[in-house]
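**Q** This is what each chain is made of:
Protein chains: 2
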Amino acid sequence: MKVLLAQLNPTIGALEENTNKIVSVLQKARGKTDIVVFPELSISGYPPEDLLLHPAFADDVEKKLQQIIAETEGLFVLVGTVRKNLDEKEKPLYNSVAVIHNKKLLGYKDKTLLPTYDIFDERRYFEPGKEQKVFQWNGKKIGVLVCEDIWQHSGAIEVTKYNRDPVQELKELSPDIVFNLSASPYYYRKTNLRLTVCEKAARTLSCPMVYCNQVGANDQLVFDGYSYVVNEKGELVKIAKGFEEDFVEIDLSKKNPVVTFDQDPLEELHSALVLGIKDYFYKQGFTKALVGLSGGVDSALVVYLATKALGNENVLTVNMPTRFSSLSSIEDSYQLTQNLRVELKDIPIDNIFQKYLDLLCPYFNQRPFDTTEENLQARIRGMVLMGLSNKLGYIVLSTGNKSEMAMGYSTLYGDMCGGLGVLIDVSKTLIYKLCNWINEREKVFPTSILTKAPSAELRPNQSDQDSLPDYKVVDAVLQDYVEEHKSQEDIIEQRGFDADLVKDLIHKIHRAEYKRRQSPTGIRVTKKAFNRGRNFPIVQKWHLPMEGKELSSWTKT
Amino acid sequence: MKVLLAQLNPTIGALEENTNKIVSVLQKARGKTDIVVFPELSISGYPPEDLLLHPAFADDVEKKLQQIIAETEGLFVLVGTVRKNLDEKEKPLYNSVAVIHNKKLLGYKDKTLLPTYDIFDERRYFEPGKEQKVFQWNGKKIGVLVCEDIWQHSGAIEVTKYNRDPVQELKELSPDIVFNLSASPYYYRKTNLRLTVCEKAARTLSCPMVYCNQVGANDQLVFDGYSYVVNEKGELVKIAKGFEEDFVEIDLSKKNPVVTFDQDPLEELHSALVLGIKDYFYKQGFTKALVGLSGGVDSALVVYLATKALGNENVLTVNMPTRFSSLSSIEDSYQLTQNLRVELKDIPIDNIFQKYLDLLCPYFNQRPFDTTEENLQARIRGMVLMGLSNKLGYIVLSTGNKSEMAMGYSTLYGDMCGGLGVLIDVSKTLIYKLCNWINEREKVFPTSILTKAPSAELRPNQSDQDSLPDYKVVDAVLQDYVEEHKSQEDIIEQRGFDADLVKDLIHKIHRAEYKRRQSPTGIRVTKKAFNRGRNFPIVQKWHLPMEGKELSSWTKT
Chain D
38 MKVLLAQLNP TIGALEENTN KIVSVLQKAR GKTDIVVFPE LSISGYPPED
88 LLLHPAFADD VEKKLQQIIA ETEGLFVLVG TVRKNLDEKE KPLYNSVAVI
138 HNKKLLGYKD KTLLPTYDIF DERRYFEPGK EQKVFQWNGK KIGVLVCEDI
188 WQHSGAIEVT KYNRDPVQEL KELSPDIVFN LSASPYYYRK TNLRLTVCEK
238 AARTLSCPMV YCNQVGANDQ LVFDGYSYVV NEKGELVKIA KGFEEDFVEI
288 DLSKKNPVVT FDQDPLEELH SALVLGIKDY FYKQGFTKAL VGLSGGVDSA
338 LVVYLATKAL GNENVLTVNM PTRFSSLSSI EDSYQLTQNL RVELKDIPID
388 NIFQKYLDLL CPYFNQRPFD TTEENLQARI RGMVLMGLSN KLGYIVLSTG
438 NKSEMAMGYS TLYGDMCGGL GVLIDVSKTL IYKLCNWINE REKVFPTSIL
488 TKAPSAELRP NQSDQDSLPD YKVVDAVLQD YVEEHKSQED IIEQRGFDAD
538 LVKDLIHKIH RAEYKRRQSP TGIRVTKKAF NRGRNFPIVQ KWHLPMEGKE
588 LSSWTKT
Chain V
38 MKVLLAQLNP TIGALEENTN KIVSVLQKAR GKTDIVVFPE LSISGYPPED
88 LLLHPAFADD VEKKLQQIIA ETEGLFVLVG TVRKNLDEKE KPLYNSVAVI
138 HNKKLLGYKD KTLLPTYDIF DERRYFEPGK EQKVFQWNGK KIGVLVCEDI
188 WQHSGAIEVT KYNRDPVQEL KELSPDIVFN LSASPYYYRK TNLRLTVCEK
238 AARTLSCPMV YCNQVGANDQ LVFDGYSYVV NEKGELVKIA KGFEEDFVEI
288 DLSKKNPVVT FDQDPLEELH SALVLGIKDY FYKQGFTKAL VGLSGGVDSA
338 LVVYLATKAL GNENVLTVNM PTRFSSLSSI EDSYQLTQNL RVELKDIPID
388 NIFQKYLDLL CPYFNQRPFD TTEENLQARI RGMVLMGLSN KLGYIVLSTG
438 NKSEMAMGYS TLYGDMCGGL GVLIDVSKTL IYKLCNWINE REKVFPTSIL
488 TKAPSAELRP NQSDQDSLPD YKVVDAVLQD YVEEHKSQED IIEQRGFDAD
538 LVKDLIHKIH RAEYKRRQSP TGIRVTKKAF NRGRNFPIVQ KWHLPMEGKE
588 LSSWTKT
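Protein chains in written order, with the numbering used here: chain D, 38 to 594; chain V, 38 to 594.
These aren't lab readings, by the way, just hints derived from the structure by calculation. Keep in mind that the hints are not guaranteed to be accurate.
[As the list claims (entries may be wrong)] Pairwise CB distance ranges (calculated):
1. D/ASP507 to V/GLY111: 34 to 40 Å
2. D/GLY430 to V/GLU530: 32 to 38 Å
3. V/GLU282 to D/GLU53: 50 to 56 Å
4. D/VAL196 to V/GLY322: 29 to 35 Å
[To be verified] Capping the alpha-carbon separation at 20 Å, the derived lysine to any residue pairs in SDA-like fashion look like this:
5. D/LYS382 to V/LEU397
6. D/LYS100 to V/ASP527
7. D/LYS121 to V/ILE287
8. D/LYS325 to V/TYR400
9. V/LYS121 to D/SER524
10. V/LYS101 to D/LYS100
11. D/LYS121 to D/PRO92
12. D/LYS198 to V/TYR400
13. D/LYS540 to V/ALA51
14. V/LYS121 to D/VAL196
15. D/LYS121 to V/LYS101
16. V/LYS540 to D/LYS540
We treat Cβ as the ideally placed atom computed from N, Cα and C, and that holds for glycine.
Same shape as in the complex, but just chain D:
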């Protein structure tokens, strides 16, 4: 029993392109393998979100499935698809797997457990599958589960305790092998948890399990891949690459040696951020990125990641000093761009800043310098970046980090400008960890960028710590309150922080919600990111631009 795991990177709604990829895999596999398995919802890409509310979308997916079925000669194929719920109760669709053998559709296996928490909202679209099934192949009983279906068994989901356990249900049908089709997104330090979940399921089922995961980034979600096979004892015998497409073959009639898997979490974080940028650009047909450099660690890391994702020749940086910019920041930016061989333009903005002060002063009622003037500088920078972006076709990468986003320590329409927030889900302390990890491998960041006190340089001798406690404190509260939903009282007690300080930070987190609503989409790399994905994907291709017709240019704005 030769199995091919096709760990694909689909684009949401790009039905033609995704189907072509699937068909191409089938054509190459014919004669070489017996069974081919693809990830969850591989025809549409995951998550298709509210595209699913268009009945015409499911019709279009169904047509592509027919095309795929026609290409399965000599193969047993499992492909993730949407299926209409014909009795129309209660939701109109199933998140399903089409099980195909030799050009014949044997049937569908519908996803039983529909995650509806965090970034998942499958109950919005799908009806849960009613029962477990096995399919016959050469006298073997093939069980099929979809992503979440194996998670309840291990008790690894914190927020939902399902009434059903599909692993236990399937065990009663005594499958010889079980396939799990997944689209399981990455977060920092998740990889091992996923292996544990699979191990437990395989042990209960006493049979090998083949787990095929999606790879690639869609909007804020990064799928890490790492498809794998465990034997009937739950031991790992094969694992695909992380963060890239991969095709893994295994012969399950043979005894396969156990392999080990050990990944550096910081290396994974690095890969996730690079892939997040790469796919945001690639899937929309963009090539060039623009970053405003401040001399600080956030913009430095963003430029570095952009060069890894797009190539240094496709990254343009801009230095936009005012009277408050320090010489050392300018020097650090210069050194950084030299290290990375990236173009740097100097566009001083102090004259325009002064113009605004002159223009607005009569209306400011003699009030003193405050955040208004700070925001003006940040917004002029945003305008310069957007001007270059609009005229020259660069996409602005926003450099704000999760700690700032949590606190609202950022300027709307200023440093929050951009198409993609690269570090929007990376806390300040994690940014330093990652930069140090990078510098250990390749000396990229001038030392002073990593050692000086963070400052927005929007007024004389400013430091972030004029307005905020130490980032270690901010990030601890961020972790406890936002990621773990701990109570104020528990945080105060367990961390030993000052009670008023914790209350103030939590208040700030809530207060900044309106700002985060207007932030760009950002790459999700933790268990709980701000601004989850919802409704229509930004990156999607259903209803492509018409061939040969230029769209009105303002859609680029």
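Given the coordinates of chain D, work out where chain V should sit on it, guided by the hints.
**A** Frame of chain D; chain V shown alone:
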């Protein structure tokens, strides 16, 4: 059997304030009425969204419920609350009604049907109620349903066909009267549909039904109130006011005469928009609004609505002409602000515009004038408004309409700036209808504002129709595709529009998604608004600022 319907306007998460309101109603009702009913989730306000993910939030609500129970002497009280699901399968909470009699909690009735579509995501938080119940009061059987529970019976929900019908289930228990506690948001032309739904349920149950709805705006949602009572034939015998708090008494032991209800949909739209602004400001403690005037119909309508919501003395308008602004636009703005007795400041921005051109020209590679320069003007205006906002404490109202949001015909960080998008869910054609309706009652808008061709005035002799088809066409496709999810093919066939035109418009709708993600929250007034509400509310008060402590000023930014 004297019943009081307390149609309250709660603030999300303001547990103290909401509870005080409830207690005050109970204290006034004592001795005068028998039964008091409040809306769905009235302690927390609806929708509390991800506040529900904090276990401490449900604990805090529970404490408030105990406080309410203590105030129910001599009364039978129905109050909407969250309740912990003690067996912890599958979701940790119920959306519930506490049924209280004379300081004793008789029990809970949990919501059976949990809407999980459009703006609703109740499956994210709640477990469905298992069964129907009746509670005894003076030998009468009191049935309790929560909002959505009565909707399946009439088949009025388009997107979900539930497996269960709580009305039919409850009928088997032969209730003498049924209470429905709701938080049913407004949309244009919805009011009569809601009455029909209740009529059908009452007829099936052959008993009177008391429907108590929330009123007020929370983020983008506007709740219209209109709580009412129908008799056992489903005939309307009492109805509360729309769009404001109201307290309606009825004696159900008597025969109550049938009343009629007929509202002008444009009047309701007007009320919804005014309430949307009012509560966005009031619930956050803001009083003053700032609007950039273009001389066009959108900004004119926003200024008018702001004066209705906040008083003309609290509205500041700014005219920011460039070389492309027409004299007639400036005159129209002047006339409008005179009619509305609103302050108008003139802040010409052409000099700063020229400064940007001078600054950026060397980097523009001799490319011709395009949307870049248009966006620069819009963004300078945004900066001026945000500068005044930051320094003087005004909240900027954004003036973009739904047709522009659909098409992406707007400038990110420019005219999209603001705290609240007043017209973000009102199409251009509906804006004209509403303005004409207003002008028929009160001559507010200079005629030329309503008759001239829409123009952004960002280049010489510009008209919106240089870039877009007639707004009637845009709005028809918007309605069919976004609100009705019709297919491209059906729209082309049914409307008789050019196929390429329809395809181009649909493509633009998808393409503009990234812009809409960065738009301010806007008031929802149709069945399907862009940018649904999700996760944490912007307007909420759980974890209030600490008494007597000023927050760091940058949280205002």
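**Q** None of the hints should be skipped; say for each whether it holds.
**A** Status of the hints after comparison with the structure:
In this structure, D/ASP507 and V/GLY111 break the distance hint of 34 to 40 Å, their C-beta atoms being roughly 56 Å apart. Between D/GLY430 and V/GLU530, the C-beta spacing of about 37 Å keeps the proposed range 32 to 38 Å intact. Evaluation of the 50 to 56 Å hint for V/GLU282 and D/GLU53 yields a pass: the beta carbon distance comes to about 54 Å. Restraint check, D/VAL196 to V/GLY322: a C-beta distance of roughly 33 Å satisfies the suggested window 29 to 35 Å.
For the hint pairing D/LYS382 with V/LEU397, the CA-to-CA distance comes to about 11 Å; that is within 20 Å, so the pair holds. Between D/LYS100 and V/ASP527 the CA atoms are separated by roughly 18 Å; this keeps the pair inside 20 Å, and the hint holds. For the given pair, D/LYS121 sits about 48 Å from V/ILE287 by alpha-carbon distance, which is inconsistent with the 20 Å threshold. With a C-alpha separation of about 15 Å, the suggested pair D/LYS325 and V/TYR400 falls inside the 20 Å cut-off, and the hint holds.
Taking the CA atoms of V/LYS121 and D/SER524, the gap is near 16 Å; set against the 20 Å cutoff, the hint holds. Our distance criterion of 20 Å between C-alpha atoms is broken by V/LYS101 and D/LYS100, whose separation comes to about 55 Å. Our distance criterion of 20 Å between C-alpha atoms is met by D/LYS121 and D/PRO92, whose separation comes to about 9 Å. Taking the CA atoms of D/LYS198 and V/TYR400, the gap is about 57 Å. The hint is violated against a cut of 20 Å.
For the suggested pair D/LYS540 and V/ALA51, the alpha carbons sit about 16 Å apart, so the restraint of at most 20 Å is met. With a C-alpha separation of about 14 Å, the suggested pairing of V/LYS121 with D/VAL196 holds against the 20 Å cut-off. Restraint check for D/LYS121 and V/LYS101: the C-alpha separation of about 45 Å exceeds 20 Å, so the hint is violated. At most 20 Å may separate the alpha-carbon atoms for a hinted pair to count; V/LYS540 and D/LYS540 exceed this at roughly 51 Å.
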